[in-house]
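If you read the protein sequences in the order shown, they are chains A and B. Under our numbering, the first residue of the first sequence carries the number 1, and numbering increases by one thereafter. Under our numbering, the first residue of the second sequence carries the number 1001, and numbering increases by one thereafter.
Incorrect hints may have been included.
As the list claims (entries may be wrong) - Computed cross-link-like contacts, BS3-like style, restricted to lysine-lysine with a CA-CA straight-line distance of at most 30 angstroms:
1. A/27 - A/112
2. B/1063 - A/96
3. A/96 - A/112
4. A/27 - B/1153
5. B/1021 - A/53
6. A/96 - A/27
7. B/1153 - A/112
8. A/96 - B/1153
Don't read these hints as lab results, they were simulated from the structure. No experiment lies behind these values; they were computed from the predicted model shown.
Spelled out from the first residue to the last, the chains are:
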Amino acid sequence: MEVLLAGLIGLLYTLGVYMLLRRSLVKSIIGLALLGTATNLLIFVCAGLVRAKPPIIREPFERLPLGTADPLAQALILTAIVISFGVLAFAMVLIKRTYTTFGTDDPDELDKGDDA
Amino acid sequence: MSPAWPIIWPMLVAAVLLAIKNLPRLRQFVTVVGGLVHAGLGIALFAEVQATGPMTLQLGGWKAPYGITLSADHLAAGFVFLTTLIGLAANLTSHGSSDSRRLEFGYQPLMFALLAGCCGAFLTGDLFNLYVWFEVILMSSFIMLALGGEPAKIRASLRYVILNLISSFIFLAGLGLLYGAIGTLNMADIAVQLRGLEPNLASAIGLMFVVAFLIKAAAFPFFGWLPGSYPVPPTAVLTLFGGLLTKVGVYAVARLLWLSFGPRFSELQTPILVFAGATIIIAGMAALVQTDLRRLLSYLLICHIGSMLLGLSLESREVVGAAVAYTWQHMLVMASLFLVAGMIRRATGTYDLRQMGGLGQSRPLYPWMLAIPLFALAGLPPFSGFWPKAAMVRGMLEMDSVLAVVLLLASSGLTLIAVGRLWANLVWRPAAESREEDAELGGRGPRSWWTTVPVAGLLAVLVWLSLWPQPLLTWSERAGHDLTQARLGGARQP
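Same shape as in the complex, but just chain A:
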């Protein structure tokens, strides 16, 4: 199962990098989203794939019983998803603004007016 997921993560990274290298800012955003997804899946797989119960301590126990999933990994992934959601939302608005300002979403066209 890990092999399958590892292959999937590799595929997502490949697609993400491919889209980042395309000549369009919209495709760059798609690429970043794919990279984000791949990274979140990576954390998920690395923390271990187990058939386990949710990490909730029920009465009258005082500690997590054996056989529960790792709560820290879930917290990491959730944080990562939320953060990348926020930055991608900003990036999308930026792309939209780029299009309304410059009339193009081709990065090479954008660089024409700059001497950096």
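Knowing the structure of chain A, use the given hints to seat chain B on it.
Chain B only, in chain A's frame:
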């Protein structure tokens, strides 16, 4: 005095500023007071750490290594102190420019969010928490860069956003792999658990982190985003960026190398040293051909990031301590240079070096103001850049690493040429025929106090450091000791 205050206070101020969005005078008051209190908190933390030693705080009461630790050792406290100081300077400067549109869109709360992120990044002892603070910094800087919506800003923002997001994803991937491999993300605990991990895997994960942090620190070969985006934002924003953001990356590399991945030190040290050396040479040479003042300063900044990385990665307590001193005074130098660049723009109407001239005649004080940080940048005695560099060279010679000495002196040499070129264009070249003075902002009216006070303050600190560098060297020696303690041992210093 808890280490959490320098992080909590700016977040509170940002929240209040968002609430009073429609009351400009009150907002200005809250911003200035908030900045002053933040600087006070930074000083208080620094003074307490110097007096009683490093402090830690377990967030939420969870015991280490399960919870998140905030650790204010000498290194972190020094960086936090400088962050609050530079934040105050940028804060005061921002009131001098009447860009109401930017203020309307929330520049002031963003500035405090950025400062909270920087302080958090310096104080945290947990690697994932570092990622969160990096994202806070990133998000605030994205918006601050793009505020205003002019074409140049959009372009700059795109370069900045995409490359820094890639760096975030690499960082996150490394975090996932590390957690899967050793089950902990506490910086100190990682060093302990790493010994049980297969060496090549540990080195590979460490290198992923190094790459992510080097992108943030704008080292070769990842520095392309900095000259493409730094010349664009207004002075106050650029002061924050130039003085703080890249240094967070350098700090992260240092912590990674010395603390978390100490067991894999030599494997990580080699690429960092190579990249640092390449950064010095390439960015230094690039600085020699620049015609835009801010781009020139950006390339010089990158060149010195290389020097800092070089000094912080060598395995000698003396060199690391001196490199910390160099980094600290460099933060102040860079902040004051960007502030003075803004003042020059107001005086001459342009950032183009070929069109500035005769500054010595029209504004006799400016060359003096420029000279102090410029010569400190080049490392000339008796300015503040000289002492840490001399200490670094001495330490490197004791280590018999001649190549490092050559690289360090090369960075000084290249900076000196660039600075000399800048000086010639600015002061010695006669004034251009037609030159618009920015009448609104260039006068000597009361509004210019907002810009002169922070510059004067920073320059006064630099002059003090130049003439009396011993405190800086003592503090940085303690900071270097704290940084290298995990690997080189030795008793904890008070």
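Each hint tested on the structure:
| no. | hint | verdict |
| --- | --- | --- |
| 1 | A/27 - A/112 | holds, 20 angstroms |
| 2 | B/1063 - A/96 | violated, 46 angstroms |
| 3 | A/96 - A/112 | holds, 19 angstroms |
| 4 | A/27 - B/1153 | holds, 21 angstroms |
| 5 | B/1021 - A/53 | violated, 47 angstroms |
| 6 | A/96 - A/27 | holds, 13 angstroms |
| 7 | B/1153 - A/112 | holds, 15 angstroms |
| 8 | A/96 - B/1153 | holds, 14 angstroms |
Violated hints, listed in ascending order, are 2, 5; each of the other numbered hints is respected by the structure.
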